[in-house]
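> Given next are the chains, with one letter for each unit.
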Amino acid sequence: MRTLLFLLRKEFLQIFRNKLILRMIFALPVIQLILLPNAATYEVKNITFSVVDHDHSEYSRKLINEFTASGYFQLNDYSKSYDQALDQVEKDKTDLIVEIPAGFERELIRQNESMIFFAANAISGQTAGLAVAYANSIIRDYSNNIRAEWISMPRLSAIPTIEITSSNWFNPQMNYKKFIVPGVLALLVTLVGFLMSSLNIVKEKEIGTIEQLNVSPIKKYQFILSKLIPFWFLGLMVLSIGFVISFIMYGLYPVGSFWVGYLFAGIYLIALLGFGLLTSIYAETQQQAMFIAYFFMLIFILLGGLFSPIENMPDWAQYLTYVNPVRYLIEAMRMLVLKGSSFWDLRYHFLIITAFAFVFNGLAIWNYKKTV
Amino acid sequence: MSSEIVIKTNKLTKKFGDFIAVNEITFEVFKGEIFGFLGANGAGKTTAMKMLIGISKPSSGSAEIAGFDIYKETEQIKKSIGYMSQKFSLYEDLTIRENIQLFGGIYGLSNKQIQKKSNELINKLNLQNKADKLVASLPLGWKQKLAFSIAILHDPKIVFLDEPTGGVDPITRRQFWDMIYEAAHNGITVFATTHYMDEAEYCNRVSIMVDGVITALDSPNNLKKQYNANSMDEVFLTLARGAKRGE
Amino acid sequence: MKQLLTFLTKEFHHILRDKRSLLVLLGLPIVQLLIFGFAITPEVRMANIAILDNAKDETTRLIIHKIENSKYFDIDRTLIKNEQVEKAFKTGKIKAAIVFQQNFQNELMHANKAQVQIIADATDPNQAATLINYASAIIMDYQAGLNQQNKLPYTITTETRMLYNPQLKGAYTSVPGVMGMILLLISAMMTSISIVKEKELGTMEILLVSPMKPWLVIISKVIPYFIISLVNVATILILSVFVLGLPIQGSLLLLIVSTVLYIFCALSFGILISTISDTQQAAMLISLLGLMLPVVMLSGYAFPIANMPFILQVLSNFVPAKWYIIIVKGVMIKGIGMEQIWKELLILLAMTVFFLMISIKRFKIRL
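Here the protein sequences line up with chains A, B and C, keeping their order.
Residue numbering for the first sequence is 1 to 372, as defined by our numbering.
Residue numbering for the second sequence is 1001 to 1247, as defined by our numbering.
Residue numbering for the third sequence is 2001 to 2367, as defined by our numbering.
Everything labelled a hint here was simulated from the structure, so no lab data went into it.
Every value quoted in this text rests on a predicted model; they were computed, and no experiment measured them.
One thing to keep in mind: the hints can contain errors.
[As the list claims (entries may be wrong)] Listed next, the in silico EDC-like pairs over lysine to aspartate or glutamate satisfying Cα-Cα at most 16 Å (straight line):
hint	chain 1	residue 1	chain 2	residue 2
1	C	LYS2343	A	GLU90
2	A	LYS369	B	GLU1075
3	B	LYS1031	B	GLU1182
4	A	LYS91	C	ASP2076
[What the hints assert, rightly or not] With the C-beta cut set under 7 Å, the calculated list includes, among others, these residues of chain A facing chain C:
hint	residue
5	SER79
6	VAL132
7	ILE310
8	ASN312
9	ASN324
10	ASP345
A virtual CB, placed ideally from N, CA and C, is assigned to each residue, including glycine.
One chain only, chain A, in its complex shape (with noise of 0.2 Å):
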């Protein structure tokens, strides 16, 4: 015990003499944190369209109107014809072109039906599929206002209509930035214990100290808890500074409890500091351990369901996501702060990150060897 605080001691010593990393590690959160909601925004708006209007009439007119009426859609241009808004598409000034063709308000007039083409850039699927999907609920609002304005004629009512009404649970402004928020605190907390874990056993590899220690009577477990603690505190501490900046920044701040949420990121630190000790005490240099755990991150945050949903994964990769530490404080802190999910809600979290937590710290412990 009493040679693990005088390890610790020089860890914490060590950490704050580094000005450079120290600064780092917390004007990184503070930056991404005001930064990163703000440019992370698959929200849709702002969506450019180019019309080709072959009808000109009232009647398209006023569709044109929905849609820039509707707050989704920007108005590029007017185009007179189809392969000029396309050469619009080309050069990335549109991502959607409406095209309405001529005799568009006769035939809807007079045969009740009329017809509209989208053509919708598709590189990006997701911002597309968006589009079309808003752009469909317009033209739909639209004929229904036509009908409303047309029609007192009886036979409608006979119709039978289901009326479908939707309510948004848990984030009822549709706010993007809530649901990115928890999410990038939760990835700002891992880079930061992952990094510094990851390069601190190497870099004492590296210039030669860890011999000297090697030779001491020094327990694993001892020499482990050392490296672990003091990140755990970081980690902590960027979590807390993270809440505030949220709060400061969107207004907002946990549901659920606090407590439940330090807890949970507290098991969670345990469980990624080991992994980061695991790569430190696996890498020869700092260079190495740096591409190992770039690697990780990479493979950690695409499969952590950050941006793009675990849902709507294939199987096989939705079975890699159980493996995925990150995942479970991504999935943990939404609850947390946007459902305040309680910690009988999140008990199987707390269960696998536990389990976690004693896999890694096992497996560093277990691989760090005091021989060479």
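Please build the complex by placing chains B and C on the supplied structure of chain A, with the hints as guidance.
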């Protein structure tokens, strides 16, 4: 010097695949002795030493350090020895006092002892006004003296020195050897590798390793007589001429 | 020339000896591409939902059956009470719930109006919107089936064409993005670290006092990473054409020429970093914070630039990857030619020259 044996090896061997780094070395070191472990680069000195201090597992053979077996009792060995590696290995981003406290703590000295020892040490090395400066700011010679003092802070039975005076100026080397003599006088056995042959003259006994094998082991004077040489340098050159490995 | 060769051999030895880093360098693009190509798809599949059927009549049974048969929803039949559903939302078990009113069929047939409510977990607003859209569509479809004989008047039907990417494959965005990212990572980060490492170890001084010209030293550091980058470009292109089924619509030659220009741009940025930093860790941090994040965030690869606040849109113009990604998308997917991308190529060229000029200036000051 007593006749108590503190290091005893028997056919100690280390292989890396087909390469035999250390080939069946057998020797004894007595308590309070200054034992010089010589050899050219690549002769296997460092590998042998790493086995003795318990951070490398031997391939075969046996050894006892301070009465402990190097296979089963490495952790007990570590409590009874001090070590100073050829790479300077104190923490440069800690102050002198912090380094002393750290290693004192690791070796289980009480706070009182640490306090007393660090003051003694700082006074002895004349570092009073540098005690709270980072080790990185010290000149190399002082770093080495400090590293040695810290290696014997916990009064080990044996201290292992791996090329302790590499890159240090002659005056500092002289001072360094004074410190080694003092430690030996206090009953600490000194086991040192070096390739400065003038330093070999300071040792009570030396062994010379060539291609993983100990080819000579005696006091410097006896060796000079045996090989009809004026200096250890000549002895060494005679023996090392046949080496196939190394430089 | 001979000097350069000797020195190059040394550099290659360094790189080839570190098998783990090499594995990451060459394996990363493959893994990244496969994850993007196959794991991350914009399409919603199999979301867990609950259904609270307060009517339990023939009509609701039919609608539920229709929902169940769609490939989007997986109904959790164990959830039958209001409180259970609420709980299930909180534990993350379900993403949406559909609630049918009492006497659904009666109301629909006799009052011509029946209500159904779709509740979505809007923690992820986009997913919520998509789920509501899908569920609505299924219910509307059922209704349309009921009303087949009497068609709604004033109906506008729409026909949609998804340009360039009819199946909405994720690979279409990820391939250009991965190329922009990997090339920058290898070229800029690796070069800067390997140059700074020599500085840190003091070996740089030895090289600089040798008869070798300083710029030759730098060139020989840069060439191996240039070659690794080319290998990666080849891997990415081969994978994307043969595994991800992404066509190369435009000229392959133009694509390669622009890629080489981009690699030069990244390499010169790497050299610039190495003139600024003194330690490996500093170079790593600058590369990681100064490069990776802007590339991921502001290049238009992960997030559409058009949706960002104005200031970030302005900043994005300074990210080389943004221009490169526009080029790759244009040439590879849209099949456009030189006349439409010369502006982007020129910007990359200007950036390269700019980075090199500052590096040379700084390099001279130091010596």
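> Look at each hint and say if it fits the structure.
For each hint, the structure was consulted:
For the hint linking C/LYS2343 to A/GLU90, the alpha-carbon distance of about 14 Å falls within 16 Å, and the restraint holds. Between the alpha carbons of A/LYS369 and B/GLU1075 the distance comes to roughly 13 Å, so the proposed pair stays at or under 16 Å and holds. Taken as a hint, the B/LYS1031 and B/GLU1182 pair is honoured in the structure, with Cα atoms around 14 Å apart against an allowance of 16 Å. For the proposed pair A/LYS91 and C/ASP2076, the alpha carbon gap of about 47 Å is over 16 Å, so the pair is violated.
A least Cβ separation of about 14 Å between A/SER79 and chain C goes past the 7 Å threshold, and the interface hint is therefore violated. With a least beta-carbon distance of about 5 Å to chain C, the hint placing A/VAL132 at the interface is held under the 7 Å criterion. Of the supplied interface hints, the one on A/ILE310 is violated, with its beta-carbon coming no nearer than about 9 Å to a beta-carbon of chain C, more than 7 Å. Hint on A/ASN312 holds. Least Cβ distance to chain C is approximately 6 Å, under the 7 Å limit.
At a threshold of 7 Å, the smallest CB-CB gap from A/ASN324 to chain C is about 11 Å, leaving the interface hint violated. Checking A/ASP345 against chain C: minimum C-beta separation of about 5 Å stays under 7 Å; hint holds.
Against the hints set out earlier in the document, violations occur for numbers 4, 5, 7 and 9.
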